[in-house]
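Sequential numbering from 205 applies to the sequence shown in this note's numbering.
These are computed hints drawn from the structure, not numbers from a lab.
Just so you know, not all the hints are guaranteed correct.
Distance ranges between label pairs, derived from CB positions [claimed, not checked]:
(1) T209 with N271: 17 to 25 Å
(2) A211 with D237: 14 to 22 Å
(3) G241 with N271: 17 to 25 Å
(4) I227 with E206: 14 to 22 Å
(5) N293 with D223: 35 to 43 Å
(6) A292 with F221: 30 to 38 Å
(7) D223 with N271: 14 to 22 Å
(8) D222 with N293: 30 to 38 Å
Even glycine gets a Cβ: it sits at the ideal position worked out from N, Cα and C.
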Amino acid sequence: MEVITLAMFKEHARIDFDDDDLIAGQVVAAANDYVSGLLCADVEEPPAPAGDVVQAALLIAGHWYANRENASDGALVDIPLNAAEILANHRAWSFG
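With the hints as extra help, turn the sequences into a complete structure.
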């Protein structure tokens with residue numbers, strides 16, 4: 205499920221150069237995979253993602269783009285908390 209595109213991410217992150225297209229493309233692909241996996245979006249033709257899901261994917265991609273290494277001067281977080289909260293509202297829960 206493609207939630208965001210490279211062009212969408214570059215616009216969101218205000219990236220107006222092409223030097224980082226490889227890493228930005230990898231981040232976009234990872235964010236799409238993460239969101240799709242979390243939402244269990246493995247259906248043949250998933251519906252268009254809701255606006256808040258797109259925003260969550262952009263937040264995740266932006267976070268991963270800015271924090272490429274697993275080291276930081278500040279506290280490390282997996283994904284931005286507001287993105288996690290948005291996606292929790294759309295998650296398909298199943299038990300058993």
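Hint check results:
no.	hint	in the structure
1	T209 with N271: 17 to 25 Å	holds (21 Å)
2	A211 with D237: 14 to 22 Å	holds (18 Å)
3	G241 with N271: 17 to 25 Å	holds (20 Å)
4	I227 with E206: 14 to 22 Å	holds (18 Å)
5	N293 with D223: 35 to 43 Å	holds (36 Å)
6	A292 with F221: 30 to 38 Å	holds (35 Å)
7	D223 with N271: 14 to 22 Å	holds (19 Å)
8	D222 with N293: 30 to 38 Å	holds (35 Å)
Comparing the model with each numbered hint stated earlier shows that all of them hold.
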